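Number of protein chains: 2
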Amino acid sequence: MVKKVLKFGGTSVGTIARIQHVANIIKKEHISGNKVIAIVSAMAGKTNELLKYSNEISNEFNKRELDVLLSSGEQVTCALLSGALIELNILAKSWLNWQIPILTEGDFSNARIVNMNIEKINKYLEAKGVAIIPGFQGISKNGDITTIGRGGSDATAVAVAKIFNADTCEIYTDVDGVYSTDPNKIPVAKKIDKISYDEMLELSSLGAKVMQPSAVQTAMMYDIPLEVKSTFTERKGTKIFNQENIDYTKSVTGVAYSKDDAKITVIGVEDRPGIAANIFEPLSKAQINVDMVIQNISSDQKTTDITFTVKRDDISKTMQILRKKSEINYKDIIYNDRVSKVSIVGAGMVSTPGVTYKMFRALSDENINILAISTSEIKLSVIIEENNTVNAIKKLHTIFDLD
Amino acid sequence: MVKKVLKFGGTSVGTIARIQHVANIIKKEHISGNKVIAIVSAMAGKTNELLKYSNEISNEFNKRELDVLLSSGEQVTCALLSGALIELNILAKSWLNWQIPILTEGDFSNARIVNMNIEKINKYLEAKGVAIIPGFQGISKNGDITTIGRGGSDATAVAVAKIFNADTCEIYTDVDGVYSTDPNKIPVAKKIDKISYDEMLELSSLGAKVMQPSAVQTAMMYDIPLEVKSTFTERKGTKIFNQENIDYTKSVTGVAYSKDDAKITVIGVEDRPGIAANIFEPLSKAQINVDMVIQNISSDQKTTDITFTVKRDDISKTMQILRKKSEINYKDIIYNDRVSKVSIVGAGMVSTPGVTYKMFRALSDENINILAISTSEIKLSVIIEENNTVNAIKKLHTIFDLD
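So the protein lines, in turn, are chains V and Z. According to this note's numbering, the first sequence holds residues 1 to 403 in order. According to this note's numbering, the second sequence holds residues 1 to 403 in order.
Keep in mind that the hints are not guaranteed to be accurate.
Note that identical chains are pooled: a pair holds if it fits in a single copy or bridges any two copies.
What the hints assert, rightly or not - In silico DSSO-like pairs for lysine-lysine, Cα to Cα no more than 27 Å straight-line:
hint, residue 1, residue 2
1, Lys63, Lys27
2, Lys63, Lys28
3, Lys311, Lys4
4, Lys128, Lys4
5, Lys141, Lys93
6, Lys123, Lys141
7, Lys394, Lys358
8, Lys191, Lys250
9, Lys46, Lys63
10, Lys93, Lys46
11, Lys120, Lys141
Everything labelled a hint here was simulated from the structure, so no lab data went into it. Since we're looking at a predicted model, the values are computed, not measured.
The whole structure should be built from the sequences, with the hints applied where relevant.
If you want it as structure tokens, here you go:
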């Protein structure tokens, strides 16, 4: 008998028929003797419907009340799923954020789970009950409802798995796992059977939207085995482990990309300490997220060029700030807002020589110009012209034996 | 400065524009110095939407989970209304059932409010905050969400008014008060300015759906002055008081009717003690609500006829039960499922002689046959053929000077 946390996302519970289907998945786990805690999202579309209401009232709708509003979505799913299980003759019960309680810290809309009372639910599991818990929410120490950010049901699932010391945490979703690249763009994309937390993090932060990155991070910190699988097929999903438990036969696990990037180069800035800080401090204050930063050694030893990327939506705000700042002396600023970032990710990269060279050669073979490069231990990213994106992904997918 | 409980029904908060309108009504009360507690229903249609979901899963959806499900509707309204008030620069806050808490006793779907913690909210009112409370719900002593029956927001409003010792309890709705009869059927129907609790109770139990009867009853018990008024006009509403505070210039206050009645006569039953109980006990066990009961003295001293009315929907179930019961000896059972009940209501009736005669004469003048009669201190009801309903109401409305 194992203790399982099963999380069902918005599309998995998007209709009554789907909720009944989820009840059957849980029933199967339950009758095979497992203790089940299910975490549920709001029915697909419901959170947006509620958000639309609040936006009609104000674009700066009060954050405390927004959390009261949005948390109702998961409450509805909890009740419906519990009712559907009871209809299948399974003992089940919804446990709302304040009934457990799930304690959080931090701001409204952006809290994080710090603790939960496990006693009552553990007793209920012992009595062969299935506990249904709303994702994405908790209560503060003042007794206010707090939400933990969109997609926060993943974070709830991992926190519950950790606090209840569960054996596994299974993320049921509308895709059947993590792919070597975007299967919608590259039909030869392959489902990955096993992946490390780090790789998963790089892939998801690079645009593979299977799981919320901060939830993966928590799972990594506490070594909670995850599995991403489809609610709608019986196929095996992708298991996410600690790196040591994975045998790497391939140097590269996946190819990720992010769209909507823009590249900015500040030309001819003074090459002295503090310049980079002068450039990026005002951007950070304006909530602009800077991704890659490249600074070359200057040719004349006095000035240098600094290149960085931001999201395309932020480009005009960024240019405005840079042009206004009088502390920065520069010759020129140029930008290109039609670029994308393509990355190869793999925990096996470190131990495989020549991966970097192989990547650059492959892109050059396709006549794709590399505009900037950035590397980490398990990732190698390049900025290229946006219209080369699909070509680059296809080529890299092939040469690293992922097809 | 007075303390006011304002209750807004489902149509009053049915859209975002209406919620903003309600926020403005509250703002007006607030800036004129009143302490305001607002009780809100779910947005019109939402409760039915949720009920449809649960019915898709089961016609006997688990009652605990049904209460979890349905209570989310008022939570949404609470958050939206609080947000709308804050947007108008009014300090406001939603207080959910468990945050106050509102303590209930009794079954799921059918609980009643027994107490509330008033300290925190009173402190908040002192600090010039507006408290927004969800109607229709509370929590049991086990910490489960419980609802208090449909239309229960009225009951919440009266309970809050009582427990918080409010000066008034104003029921905002989509009609502008209580009418002398159904204004949709009888255009000369007049709004009543003042009415006693008893009269209101008789009118509402007879089909005038302005307020939930049990809420009126509670208000009567604790002498809480009510006012029913329109959310959408600035017209004065109907005040509901203790009888002593009303000057009766008219013997009859209103004419009510109920449709969908059926009349059953059991002919030739033995005239001995216990017979009535034998007939009505199995009906009560089958949840069939028996309304009027008439038994005449028997002509032959041995047998008698018993006539009673039930809702039309219950007629086949009722007939089935009566025919099956072997303990009852009778000659025949006849029924008429096309009847309606028309009543005149007025606290002034007792002190005005001839009201009864006047009613019967008026109906006879219209060639309307009376099938059964029942009276109370402030009410006189007759059962007539359904197709005579409008005629009867019009005639009675006129002869009792209500036009």
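Cα distance capped at 27 Å. Does Lys311 pair with Lys4 within a copy, between copies, both, or neither?
neither (38 Å within a copy, 51 Å between copies)
Can you tell me if Lys141 and Lys93 fall within 27 Å by alpha carbon in one copy, between copies, both or neither?
both (25 Å within a copy, 17 Å between copies)
How would you classify Lys123 and Lys141 at a CA-CA limit of 27 Å: within, between, both, or neither?
both (24 Å within a copy, 19 Å between copies)
Cα distance capped at 27 Å. Does Lys128 pair with Lys4 within a copy, between copies, both, or neither?
within (13 Å within a copy, 48 Å between copies)
Regarding Lys120 and Lys141, is the shortest C-alpha distance of 27 Å or less found within a copy, between copies, in both, or in neither?
both (19 Å within a copy, 16 Å between copies)
Reference check for the pair Lys191 and Lys250, CA-CA at most 27 Å: within, between, both, or neither?
within (14 Å within a copy, 83 Å between copies)
If the cut is 27 Å between Cα atoms, do Lys93 and Lys46 qualify within a copy, between copies, both or neither?
For Lys93 and Lys46, the Cα distance is within 27 Å both inside one copy (22 Å) and across copies (23 Å).
How would you classify Lys63 and Lys27 at a CA-CA limit of 27 Å: within, between, both, or neither?
Between. Shortest inter-copy distance 20 Å satisfies the 27 Å Cα cut-off; intra-copy 38 Å does not.
Quick one: Lys394 to Lys358, C-alpha cut-off 27 Å, is that within a copy, between copies, both, or neither?
Close inside one copy (14 Å), not across copies (94 Å); limit 27 Å.
Homomeric proximity label, Lys46 with Lys63: Cα distance no greater than 27 Å:
both (18 Å within a copy, 23 Å between copies)
When no copy is specified for Lys63 and Lys28, does a C-alpha distance of 27 Å or less occur within a copy, between copies, both, or neither?
Answer is between; shortest inter-copy Cα gap is 24 Å, intra-copy 40 Å.
In this structure, the one hint that does not hold is number 3.
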